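Undergrad: Sequence lines, in order, name chains A and B.
Note that the first sequence covers residues 1 to 116 in my numbering.
Note that the second sequence covers residues 1 to 114 in my numbering.
Hint data in this document are derived by calculation from the structure and do not stem from the laboratory.
Quantities reported herein were computed from a predicted structural model and do not represent experimental measurements.
Don't be surprised by glycine CBs; every beta carbon is placed ideally from N, CA and C.
Not one of these hints is a red herring.
Pairs of lysine to aspartate or glutamate, EDC-like flavour, derived with a Cα cap of 16 Å:
1. 44/B to 58/B
2. 41/B to 88/A
3. 40/B to 88/A
4. 36/B to 58/B
5. 41/B to 85/B
Going by beta-carbon spacing under 8 Å, a handful of chain A positions derived as facing chain B:
6. 44
7. 46
8. 90
9. 104
10. 106
Here's the letter readout for the chains.
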Amino acid sequence: AQSVTQLGSHVSVSEGALVLLRCNYSSSVPPYLFWYVQYPNQGLQLLLKYTSAATLVKGINGFEAEFKKSETSFHLTKPSAHMSDAAEYFCAVSVAGGTSYGKLTFGQGTILTVHP
Amino acid sequence: DTAVSQTPKYLVTQMGNDKSIKCEQNLGHDTMYWYKQDSKKFLKIMFSYNNKELIINETVPNRFSPKSPDKAHLNLHINSLELGDSAVYFCASSLTGGPLIGYTFGSGTRLTVV
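Generate coordinates for the entire structure from the input sequences, incorporating the hints supplied.
TA: Next up, the structure:
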């Protein structure tokens, strides 16, 4: 079975500061990893995904994440926060094959607050 | 031209009622899913269908019954609604290579049981 742990349910940064949202995963097979963003009262929007190609993945809105197998991590970063980045962020894992094929397992979510 | 559309967007109903949520995708995907987001924003898969065949059925009360009339539609029927069923329900779709291709989510149906 796969699982995801997001460290920190709330992260607060100043506008222009570095954003770092932490995600650690557990999987017995090579994982596929995703970051989604959810704005208030809206659905989930894909930010980026890791599918075993490059370990540094660039996504939309200036976000990127690095897959580190040795640390079982997939942390999300953005060099300079913008007010519009305030939202809830979800890390998720999926695998190809087996009875869990296609199933996304989500972390608990991290609420990002950006202060002016 | 919404890719994954759910109806209704909001649903308020009394305990004990039966209700349905509909989902349609126009992406040509062959796999569809229902996810439940509880009051703490935790997202968990409920069901998935591939080409109208049930693939994933998590530990969900049998009051919940998904139905997929064709590849583009996956409906969720809930019998005898309970207070604990209040949540946001998201429909999603993907191609069979979901993990590689990615998933598209609908905007959610907020169900409130009173």
